[in-house]
Amino acid sequence: MTPDEEAEIRRRQKSRAIAMALVLAALVILFYAISIAKML
Amino acid sequence: MALDENMNSAVQTTPLTAEWRDFIALTKPRVMTLVVFTGLCGLLAAPQSIHPVLAFTAILCIALGAGSAAALNQWYETDLDAQMARTSRRPLPAGRMDRQTALHFGVGLGSFSVLLMGLAVNLLAAGILAVSILFYVLVYTVWLKRRTPQNIVIGGAAGAFPPLIGWAAATGRVELMPALLFALIFLWTPPHFWALSLFIKSDYSKAGIPMLPVVAGLRHTRQQILLYTFPMVAVAVAPWQLGLTGALYGLSAILLSIPFVALAAQISLSHETDPAFMKPERRLFAYSILYLFGLFGMLVADRLCWA
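Those sequence lines, one after another, are chains S and Y.
Quick note on this note's numbering: the first sequence kicks off at 1 and runs consecutively.
Quick note on this note's numbering: the second sequence kicks off at 1001 and runs consecutively.
Chain S on its own, in the form it takes in the complex (with noise of 0.2 Å):
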């Protein structure tokens, strides 16, 4: 493996890191909220 495909399999590797940090975020807003909700 060339030094530049190992760096696009990092630079790929840290953009799926920071979109599924987002997504897990979103759904801990997400479960906060329905769990709100269904006490109302």
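No wet-lab data here; the hints were simulated from the structure.
There's no promise every hint is true.
Derived DEER-like restraints, expressed as beta-carbon distance ranges [unchecked claim]:
hint	chain 1	residue 1	chain 2	residue 2	range
1	S	28	Y	1282	38 to 48 Å
2	Y	1271	S	4	51 to 61 Å
3	Y	1031	S	25	24 to 34 Å
4	Y	1173	S	29	25 to 35 Å
5	Y	1246	S	13	52 to 62 Å
6	S	30	Y	1216	39 to 49 Å
Bear in mind the structure is a predicted one, so any value in this text is a computation, not a measurement.
A virtual CB, placed ideally from N, CA and C, is assigned to each residue, including glycine.
Using the hints provided, position chain Y relative to the given structure of chain S.
For chain Y alone, coordinates are given in the frame of chain S:
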């Protein structure tokens, strides 16, 4: 076994991990737009309302369920997608993602959407969502698509579930009105897809998919488009005739149906064989999308007027 061999020859090896954009592409976001819209309209047209957070969750689950079905469809059809110009740039045939990742993503997304719908909204909506995903993947994709020209007629039911799910999410029941909305999309699907399949017939033929124009010819397909248009229009107007909606929806349904019938009639009289000159077919395909958006939009507008 033969399928696996096709996959290997059709798909390039994947040296790099897929980008997040490829996961989005795997959910067919453009198709999802119509699914989400009809689901939302089913929810808004229901006589009962639910908490906005739960309504948002229900629509999110419908979107995730549709995304899951699309991902599993592409996982199963990688070999077919690789053979058609329209689908060859998708993440799997283009080699930007490996099949196992797509399978895990599809199963995970589908399970999560059904589970969330069941826990946050209600079990009926979750049950219908599960049936719609399984119907699209198992009945349409695996069973019908490669075997019969009636694939999209029966398979069309999968795309007809969203308003039913939206209504069930709001009311916890299935009634006549959402059943009519289901029937409307069910009858709309054949003219919509057959119009498309007329001008991309060579793609389907190359991939060996038994779409109606490939199996029965252009003339028969054109007649079938017109034949399906009449019951579709009858079902579109039925909610008004049965007193389930007001005149705003009823008159809109009639007005929106006129160009649909006119284009279907024009197509039925056409003898064009060159896809480059199939303008009425292209117009009907484009208009059919606008038609469904218009009908469901007017349904909600009518409900708001009644309220």
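Comparing the hints with the structure gives:
| no. | hint | result |
| --- | --- | --- |
| 1 | 28(S) with 1282(Y): 38 to 48 Å | holds, 46 Å |
| 2 | 1271(Y) with 4(S): 51 to 61 Å | holds, 55 Å |
| 3 | 1031(Y) with 25(S): 24 to 34 Å | holds, 27 Å |
| 4 | 1173(Y) with 29(S): 25 to 35 Å | holds, 30 Å |
| 5 | 1246(Y) with 13(S): 52 to 62 Å | holds, 55 Å |
| 6 | 30(S) with 1216(Y): 39 to 49 Å | holds, 48 Å |
The structure agrees with every numbered hint stated previously.
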